[in-house]
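Asker: Each chain, letter by letter, is given below.
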Amino acid sequence: MTLPLYGTASNSAGFSPDETRSVVRLRSVDSSAERHAADFALAKTPDEILRATEADWPSIFVVSDGSIDLPSTFDGRLVAVPLKYSYLADGDVLGFDHSSRKFRTLFRQNSAHNSFLVTERCNNYCLMCSQPPKDVDDRWILSEIKESLPLIDPTTHALTFTGGETLSDWEDFIAVLKECRDRLPTTAIQVLTNGRAFANSETVDAWKDIGHPNLMAAIPVYASVDHIHDHVVQAKSTVDETVLGILKLKDRGQRVEIRVVLHALTAPIIEETGRWIARNLPIVDHVALMGLENTGFAIANDAMLWMDPMDYGNGLAKAVDHLSAAGVNVSVYNLPKCVLPKSVWPHAVQSISDWKNNFVEECDRCDEKSSCSGFFTTGRPRYSRGVRAITSHGANLFP
Amino acid sequence: MVGDFIRLTEDELNRLIDLRIRPGDGLYEKAYAAHLVTGTNQKAQRQLLAARLRSRMGFLQQVTPLHIFVVTLRCEHSCPYCQVSRQSTDRSRFDMGEQTAMRALDIAFASPAGRIKIEFQGGEPLLNFPMIKTIVTAAKARSGKKVDFVIASNLALLDDAVIEFCKANNILLSTSLDGPADLHNKNRPRPGGNSHELAVAGVRRAREILGPDRVGALMTTTEASLDRVDDIIDEYLQLGLDGIFLRPLSPFGFAVKTKQFAKYDAQKWLSFYERGLRRVLAINRQGTPFREFYAALLLTRMLSDRPIGYVALRSPAGAGLGALVYNYDGSVFASDEGRMLAETGDNAFRLGHVDQDSYNSLILSDKLIGAISSSLTQCAPECSTCVYESHCGADPVYHHATQGDALGIKPLSAFCARQKGIMGLLLDILENSPEDAAILRRWATS
Chain A
1 MTLPLYGTAS NSAGFSPDET RSVVRLRSVD SSAERHAADF ALAKTPDEIL RATEADWPSI
61 FVVSDGSIDL PSTFDGRLVA VPLKYSYLAD GDVLGFDHSS RKFRTLFRQN SAHNSFLVTE
121 RCNNYCLMCS QPPKDVDDRW ILSEIKESLP LIDPTTHALT FTGGETLSDW EDFIAVLKEC
181 RDRLPTTAIQ VLTNGRAFAN SETVDAWKDI GHPNLMAAIP VYASVDHIHD HVVQAKSTVD
241 ETVLGILKLK DRGQRVEIRV VLHALTAPII EETGRWIARN LPIVDHVALM GLENTGFAIA
301 NDAMLWMDPM DYGNGLAKAV DHLSAAGVNV SVYNLPKCVL PKSVWPHAVQ SISDWKNNFV
361 EECDRCDEKS SCSGFFTTGR PRYSRGVRAI TSHGANLFP
Chain B
400 MVGDFIRLTE DELNRLIDLR IRPGDGLYEK AYAAHLVTGT NQKAQRQLLA ARLRSRMGFL
460 QQVTPLHIFV VTLRCEHSCP YCQVSRQSTD RSRFDMGEQT AMRALDIAFA SPAGRIKIEF
520 QGGEPLLNFP MIKTIVTAAK ARSGKKVDFV IASNLALLDD AVIEFCKANN ILLSTSLDGP
580 ADLHNKNRPR PGGNSHELAV AGVRRAREIL GPDRVGALMT TTEASLDRVD DIIDEYLQLG
640 LDGIFLRPLS PFGFAVKTKQ FAKYDAQKWL SFYERGLRRV LAINRQGTPF REFYAALLLT
700 RMLSDRPIGY VALRSPAGAG LGALVYNYDG SVFASDEGRM LAETGDNAFR LGHVDQDSYN
760 SLILSDKLIG AISSSLTQCA PECSTCVYES HCGADPVYHH ATQGDALGIK PLSAFCARQK
820 GIMGLLLDIL ENSPEDAAIL RRWATS
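Protein chains in written order, with my numbering: chain A, 1 to 399; chain B, 400 to 845.
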């Protein structure tokens, strides 16, 4: 199933008319942690609502489909959302729009897969984009992120920034990353970017000056050949800027991950791409070869993009072999073990974010389920013909 | 320029030369990925090439990392292929004295490399073990450099005192092992005829006390070895060694005098090498990791851009820039082979003497600059247009020894024939034998 991360509140009250948006952090009713102005008591039962008012919480966040009984004396802020958001828990952070009552879950304390969308604007227009770009002024998102960062548990292991192109407003975004350096110095920060902005030395110098101890730029390179990459991203001369950007980052000692999304335009040549990266860019810190998430543009371009992973498994195995033989740290994302050659298994990781990750019935009798990526639940999931339980007495299609 | 290679048909090659290619025809993609063509106004490819070339030439940043001390020329073996040793018992005549050793250390410590290796050679260096101890102690007392030590010994004289000293000072041992007992003892005679027994016992003991990675063995191919490659490799396997270096005989010193060198040609050696390499690959296919070290060096050049300073696989050549040799009598040579030449009266690579010279005067000597600058493969006839140039190296000492000229005429060079033969073989395996290719690619890693 897919966790609903966006929604509309069924009720809200007490918000100042001077502001259009608020960032909200949920706290358990009995929390003894110091209260921040953004903190709301999280109440899921009438009893918890009662206890919240008794504990003088000035702000209460109710998750319930029923009616809400608040004492008439309560004059603080209230947000109520339907029961399907019952996953919300202590420490979670949300963005809330006062007039439309729309909210977005920005951070979940219990998740290892937290990511912030930075912008929906992008200067690439990738054929398989899972987050199709929109040309809108959405700079308010960066302000919301800035407001959220102080509310995030500083022991959080990892945080991802995604887009759109995260460096669309690179100066403002780098200021956000400096906040991360100061507030979340032990958190691994990953930034998904097309890397083109780093072709500009000014941007890459500013990136270096952030000085976060664990910052990684994750940059897609779809092919070793200019026109193939440019076709995938539907823009001219992009691979030149992207590769130049990677070189400039590494020249300044910055951490870089290369990402290759596998579909009918990239997967048939994945061995060549892997060999090329192994030879030309072994200096990168990680390479991720990623199964396609069938959502966004990928659905519209399905006829052009779909390729059963069973049909590129051998090339993928060779790409992994070229890369690991060159000492490059390589992982395979988003592909279940049953569709992968066994030599790739040690590289196959559970990469799909928890809120959009699931298994199929066949998986229930599979020995490898607990260490398998499973499937995306988003968009229109497509399943390989190779999906079948791996059992000690059975065999999958690859040796 | 940086060692990329693709295999083309003649027609494809002609189309590429005439630029009769276009995106989508398959040839464009191959050539683009190998940096043979690029688009107008593209910068990234040039920057990639620059970064890779800089990495490949990175060995030049470590100037003279190896310093060989010939602490004695005496030896209790009498190998017919030996290039230098003497059986004399006259200590004063063929041993390095302390004053010479300390002057040599001054020079070694004046070299720019932050980390140097001091290798003790002979003769049999353990015959002058007290001088090894003196040099190690003195080198460790000096500051400013990290120093590694190696003793190249036949191990016949390995005793508790030596092994304890090696353990205490983290000294590596390197020995000679030519194969099974009959072959080894034929190649390496000593009183008692027990060279093999002592070498094997020494390797076992050193592995046990110093650690499995603290002792290495090298073999030399003689005429008697040529049809024994499987036996030789098995000998190394049985000893638990992690690989073998299949080496041809060098045309120096006594090896020439005794006509050992003339007994087989490059083609015979290449077929010996190929049988050996295929045997090593079969061992790997059966699950035992075991390398042929020369192939591993070449593959690192062919498949990666990691800097390789190995003497015969670099240009500018490794003579002097890679190593200096301090002979027992204080003469300084540009390479170990250079001092071997001098033993037969040819002083072409004798750069000077520890008493009169400094590091700078040796490295900037006309002899060394002449030899290195005249042998650059990047601009040498035959080399500069050779398909293997970016994987190969300059060997001015070899070509001087065989042709009287540091550059040499490459079609007449057995070095050239061997290099081309081995690289052709490796390319063939990489291209046509997927399972073996995967093994070879692993060798290029570390």
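Hint data in this document are derived by calculation from the structure and do not stem from the laboratory.
One or more of the hints may lead you astray.
As the list claims (entries may be wrong) - Derived, one-sided and incomplete: chain A residues facing chain B with beta-carbon distance under 8 angstroms:
id	residue
1	Arg-35
2	Asp-39
3	Ala-326
4	Gly-327
Remember, predicted model here, so these are calculated numbers, not experimental data.
Backbone N, C-alpha and C define an ideal beta-carbon position, used for all residues, glycine too.
Asker: Hint by hint, say whether it matches the structure.
Answerer: Right, here's what the structure says about each hint:
1. Arg-35: Violated. Min distance 52 angstroms.
2. Asp-39: 49 angstroms, violated
3. Ala-326: 6 angstroms, holds
4. Gly-327: Status holds, d = 5 angstroms.
Consistency with the previously given hints fails for numbers 1, 2, ordered from lowest to highest.
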